[in-house]
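Asks: Residue-level listing of the chains:
Number of protein chains: 2
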Amino acid sequence: MSKLRSAPTLDDVARQAGVSTATVSRCLNAPDRVVEATRQRVMQAVEALGYTPNFAARVMAAKRTFTIGAIIPTMENAIFARGLQAFQEELHKRGYTLLVSSSAYRPEVEEEQIRTLVARGADGLLLIGHDRNPQIHDYLERQKVPAMVAWSYIPNARAPSIGFDNRQAMQALADRVIGLNHTRIAMISGVSEGNDRARLRIEGARDALRKRGLNPDSLSIIETSYEVENGAEAFARLISQSPHPTAILCGNDVLAAGALRQAQSMGLNVPEDVSITGFDDIELARIVSPALTTVHVPHREMGSKAALELVEMVENSTPGSTIRLQTEIVERQSLGPANNS
Amino acid sequence: MSKLRSAPTLDDVARQAGVSTATVSRCLNAPDRVVEATRQRVMQAVEALGYTPNFAARVMAAKRTFTIGAIIPTMENAIFARGLQAFQEELHKRGYTLLVSSSAYRPEVEEEQIRTLVARGADGLLLIGHDRNPQIHDYLERQKVPAMVAWSYIPNARAPSIGFDNRQAMQALADRVIGLNHTRIAMISGVSEGNDRARLRIEGARDALRKRGLNPDSLSIIETSYEVENGAEAFARLISQSPHPTAILCGNDVLAAGALRQAQSMGLNVPEDVSITGFDDIELARIVSPALTTVHVPHREMGSKAALELVEMVENSTPGSTIRLQTEIVERQSLGPANNS
Chain A
1 MSKLRSAPTL DDVARQAGVS TATVSRCLNA PDRVVEATRQ RVMQAVEALG
51 YTPNFAARVM AAKRTFTIGA IIPTMENAIF ARGLQAFQEE LHKRGYTLLV
101 SSSAYRPEVE EEQIRTLVAR GADGLLLIGH DRNPQIHDYL ERQKVPAMVA
151 WSYIPNARAP SIGFDNRQAM QALADRVIGL NHTRIAMISG VSEGNDRARL
201 RIEGARDALR KRGLNPDSLS IIETSYEVEN GAEAFARLIS QSPHPTAILC
251 GNDVLAAGAL RQAQSMGLNV PEDVSITGFD DIELARIVSP ALTTVHVPHR
301 EMGSKAALEL VEMVENSTPG STIRLQTEIV ERQSLGPANN S
Chain B
1 MSKLRSAPTL DDVARQAGVS TATVSRCLNA PDRVVEATRQ RVMQAVEALG
51 YTPNFAARVM AAKRTFTIGA IIPTMENAIF ARGLQAFQEE LHKRGYTLLV
101 SSSAYRPEVE EEQIRTLVAR GADGLLLIGH DRNPQIHDYL ERQKVPAMVA
151 WSYIPNARAP SIGFDNRQAM QALADRVIGL NHTRIAMISG VSEGNDRARL
201 RIEGARDALR KRGLNPDSLS IIETSYEVEN GAEAFARLIS QSPHPTAILC
251 GNDVLAAGAL RQAQSMGLNV PEDVSITGFD DIELARIVSP ALTTVHVPHR
301 EMGSKAALEL VEMVENSTPG STIRLQTEIV ERQSLGPANN S
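The listed protein sequences correspond, in order, to chains A and B.
Under full-length UniProt numbering, the first residue of the first sequence carries the number 1, and numbering increases by one thereafter.
Under full-length UniProt numbering, the first residue of the second sequence carries the number 1, and numbering increases by one thereafter.
It is possible that part of the hints are untrue.
Identical chains share a label here; the pair holds if one copy fits it or two copies do between them.
[To be verified] Capping the alpha-carbon separation at 25 Å, the derived lysine to aspartate or glutamate pairs in DMTMM-like fashion look like this: (1) 63 x 193; (2) 305 x 272; (3) 63 x 76; (4) 211 x 175; (5) 63 x 32; (6) 211 x 312; (7) 305 x 283; (8) 63 x 217; (9) 305 x 217; (10) 305 x 11; (11) 144 x 312.
Don't read these hints as lab results, they were simulated from the structure.
Treat the numbers as computed from the prediction; the structure is a model and nothing was measured.
All chains should be built: construct the whole structure from the sequences, respecting the hints.
Replies: This is the structure we're talking about:
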């Protein structure tokens with residue numbers, strides 16, 4: 001049979017209507033889910049081409065809800081926002097809708113939200129970080145709902161992940177700080193229990209001290225939740241030490257913004273009196289003054305690649321790849337040479 | 001029959017287990033949805049009290065999914081984050097899980113997300129603002145899914161709403177600006193099409209000019225999407241006018257943060273050379289320097305009251321109340337007297 005005369009496929013309909021094949025499937029299997037104008041365009045293409053969906057394809061398509069769930073620790077600041085936006089945009093292109101839950105960094109809330117999203121029919125889940133009760137992954141396997149982890153790269157973990165090496169990234173930044181003659185260094189970290197990213201960043205800072213011949217236990221650490229107020233309070237406590245640290249590494253940009261505000265309200269100049277660094281390179285890092293020296297995380301790349309991987313896992317039952325992305329140090333104005341006077 | 005001997009109720013079980021009645025319902029009707037430790041505690045209370053759920057109550061309970069959906073225009077900045085967090089906390093107390101979607105300010109995406117959340121069984125929806133195709137409300141009525149609007153108070157609108165009077169709030173702020181002898185005033189607004197909040201804030205600024213005997217059409221307005229970069233670009237265009245405006249009202253704090261950054265990079269002092277105001281009073285308003293004079297929106301109150309109203313609508317089929325909250329002007333350092341030299 002010549003190509004011209006072969007039966008039209010789902011691909012042909014999608015091309016003619018200018019939509020994804022997933023959207024065509026939805027129009028046929030769950031028309032109530034599709035915006036009316038799109039549905040009409042697709043049905044015109046179906047009619048014009050004389051497309052008849054084959055039974056197997058319909059059954060396969062109907063098994064899906066074209067809904068992906070993501071559970072993030074917080075929406076209160078922008079740490080996850082940009083990556084999640086890219087995740088959603090990529091999913092949207094492929095005909096999937098994203099539903100998001102935020103667990104407030106509480107494992108029992110995350111578990112409840114995972115169960116809710118599975119009960120509501122999510123085809124796949126995006127989770128943040130690897131620290132969680134392994135029974136949750138058993139549950140997801142039984143339910144045949146694939147999950148992808150982001151924001152943390154750990155090879156051979158229970159779930160495939162896309163992220164960066166938190167430990168190595170903080171080590172590189174701390175090494176830069178030590179290279180500017182800082183020896184009295186402190187850290188304001190997120191709560192490390194149940195948070196592999198926070199824990200690995202602390203380890204990275206300690207690695208840098210060790211490699212530079214400093215005592216890793218000399219690193220003063222305050223753990224607190226990721227809010228501006230907490231960064232300010234922790235800064236006030238650390239700076240009251242005598243002698244006070246000349247550089248304060250913050251576990252993220254939100255804590256660093258709080259530390260910076262507190263320094264200013266105490267009449268201290270940054271970086272002349274004390275250096276402050278961030279992590280993540282969210283928009284906030286460029287808005288504060290002085291702008292933050294921080295670790296740039298490829299948020300959008302992480303989000304869109306996570307979407308591609310997860311859709312692949314959902315549609316083709318693949319196990320999912322683990323992908324390591326690169327971070328880099330962005331030098332702005334909040335880090336300077338040590339004032340060891 | 002004495003009270004002591006009356007049959008134990010759902011309330012008794014909830015009290016004994018220290019959980020909400022909704023959680024007890026879930027343990028009985030959808031145990032897979034409940035965290036194991038909670039389920040065990042509830043089942044112990046059921047056994048200890050000898051509770052036997054009556055059939056009608058079980059059927060009623062089973063009709064619900066204890067899932068609420070919210071569709072917000074963006075997660076990319078913190079405008080909706082704090083209110084949504086309070087909304088979720090209040091829902092959580094009542095045994096409901098929140099799923100969130102973000103529409104990127106695109107009506108067709110919002111419509112698709114509404115349909116997804118209904119298809120996934122949401123018991124009720126939170127929507128932002130009143131501007132949308134009325135057919136969506138017809139659809140929600142047919143599906144018997146109640147919806148509550150937040151962030152915009154409009155009496156007698158299609159859906160009940162909880163919010164504040166955007167027009168009056170911006171009028172009050174603009175009046176304060178004019179009282180400081182500013183006559184050349186400009187505005188950086190969000191895109192007003194499809195966004196009642198943005199449109200009403202523009203009207204409010206014009207009202208203030210009119211009431212103070214200034215020409216409302218003298219207000220230069222740039223509409224742009226709510227991102228820091230866009231605030232910066234709009235500021236650069238407005239400040240290049242000759243004579244340039246002495247005060248720039250921004251449609252929200254994010255745009256104001258961008259305007260402020262641009263002013264600083266052009267070597268202008270705020271508020272000596274030009275005043276800049278925000279709207280929303282998100283955390284960003286206090287982090288930037290100078291801190292923003294802005295309109296304080298009661299985010300947490302709005303979020304928790306919206307949750308109470310919506311749960312009431314879901315559980316008791318009430319039509320929902322429309323509630324007006326108060327805003328207030330927060331004076332910080334970004335607004336000063338006009339420099340009309």
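Asks: Confirm or reject each hint.
Replies: Here is how each hint holds up against the structure:
1. Proximity of residue 63 to residue 193 under the C-alpha cut-off of 25 Å is found in neither arrangement, the shortest distances being 38 Å within a copy and 38 Å between copies.
2. In the homo-oligomer, the alpha carbons of residue 305 and residue 272 never lie at most 25 Å apart, since the shortest distance is 40 Å inside one protomer and 47 Å across protomers.
3. Taking the shortest alpha-carbon separations for residue 63 and residue 76, neither the intra-copy value of 35 Å nor the inter-copy value of 32 Å comes in at or below 25 Å.
4. Proximity of residue 211 to residue 175 under the C-alpha cut-off of 25 Å is restricted to the intra-copy arrangement: shortest distance 9 Å within a copy versus 60 Å between copies.
5. When the C-alpha separation of residue 63 and residue 32 is checked against a cutoff of 25 Å, the pair qualifies both within a copy, at 16 Å, and between copies, at 21 Å.
6. For the homomeric pair residue 211 and residue 312, neither the shortest alpha-carbon distance inside one copy (41 Å) nor that between copies (60 Å) is at most 25 Å.
7. Taking the shortest alpha-carbon separations for residue 305 and residue 283, only the intra-copy value of 21 Å comes in at or below 25 Å, while the best inter-copy value is 31 Å.
8. In this homomeric assembly, residue 63 and residue 217 never come within 25 Å of each other (Cα to Cα): the closest approach is 54 Å inside a single copy and 57 Å across copies.
9. Taking the shortest Cα distances, residue 305 and residue 217 never come within 25 Å of each other, neither inside one copy (38 Å) nor across copies (48 Å).
10. For the homomeric pair residue 305 and residue 11, the shortest alpha-carbon distance inside one copy (23 Å) is at most 25 Å, but the shortest distance between copies (48 Å) is not.
11. Taking CA atoms no more than 25 Å apart as the test, residue 144 paired with residue 312 passes inside one copy only; the shortest distance there is 14 Å, against 35 Å between copies.
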